[in-house]
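Chains as they are written, first to last, in the numbering used here: chain A, 1 to 216; chain B, 1001 to 1126.
Some hints here could point you the wrong way.
[As the list claims (entries may be wrong)] With a cut-off of at most 27 Å between alpha-carbon atoms, the simulated DSSO-like pairs for lysine-lysine come out as follows:
| hint | chain 1 | residue 1 | chain 2 | residue 2 |
| --- | --- | --- | --- | --- |
| 1 | B | K1117 | A | K165 |
| 2 | B | K1101 | A | K112 |
| 3 | B | K1016 | A | K163 |
| 4 | B | K1016 | A | K104 |
| 5 | A | K138 | B | K1042 |
| 6 | A | K104 | A | K33 |
| 7 | B | K1042 | A | K104 |
| 8 | B | K1117 | A | K33 |
| 9 | A | K138 | B | K1085 |
| 10 | A | K165 | A | K104 |
| 11 | A | K163 | B | K1117 |
No wet-lab data here; the hints were simulated from the structure.
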Amino acid sequence: MAVKIQVTRPTKMELARLKRRHKLAARIQKIVKDRLSLLVMEFLQTVQECAAVREQLQSEFDQAYRAFCVAWGYHGKVPLEKEMSLAEMPFTVSAGTRNVAGVKLPFFDIEKGEASAARVQNRLDGSSVLDQSIERSKKCLETIVHLTELQNSLDLLGTEINKVKRINNALEFIVIPALDVTIRYLNMKFEERDREETARLKYVKQLLEKKEAIAY
Amino acid sequence: MEEFRAINAHIPRRRKSLAELLNEEEPKIACGDGSEHFFRKKELALLAGMLEEEEREELLLPILIEVSSEGGGYTVPSPRGIEAKLLSKVLDMEMSWSMNKVVIFRPHLFLLRRVLKTCTQYVFTP
């Protein structure tokens, strides 16, 4: 049930002001609704992508784990740990923001660099099994960074959708109906005033006619 | 118009050409609300692969997607038709270019935003 807006003075000026407010509120609601639909679309897209990246990460972890197991069996624990601690992965991560319909979302761009030549040449006790396990773990890192970005975006988009939804609901179910009710109330008040005025004029006319009749 | 100005606070102050962004170490632009919008280098490389040398100079990024509050459609302004060419390639279908703009629909928008996340931005128009 919509609440009636308190009108201090039921005047035509007040009615015009309320009509202006109603028009503005309807316009804003339309924009908010458009924005909400876009944000929901982005959210669903991110959810889909997030699920796909999660699956990819799962399979990459699986492959990396298998490769480690093989390397462990081939080299033993100590040489494997030594190699892993020395394995380098030069990379740079650019962190920033990207804007989606007014929502600032995190942005990570990972760029792989080249391993130093000295490091590659110094590996005497390496093997293809070890290389494979290192390569797989590097791949996992890229996917983790991507997943982090998506997961954060999902949180932020969800929060923003809730906010926009609340604004939309407030406009749709409180502000606009309340303005409607008040405008209707004022219109009825003015009509009533007109009717009273007409009745009063008729009564005065009758009185004047009676007076004239008595005079003659 | 005040409400549109508020909701479009995120649009860039000045758009940069693709060629300019390709030369930057960290490709980014300043937004109207003071924040920064970064471009993914992979997306820029993808766009560069689709265009000729002179078109890279002319294409301004981010590509704006106009969301009209009246018509309910989405349009991409394309003064020289480069955006239309790009959309045709990204969406893998012929896009009609008339009156300096390309009209796209919701399924197109979904596909476009999936491929060009950082190279496109929404603008709300009256």
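Index of numbered hints that the structure contradicts, given in increasing order: The structure conflicts with hints 2, 3 and 9, although it agrees with all the remaining ones.
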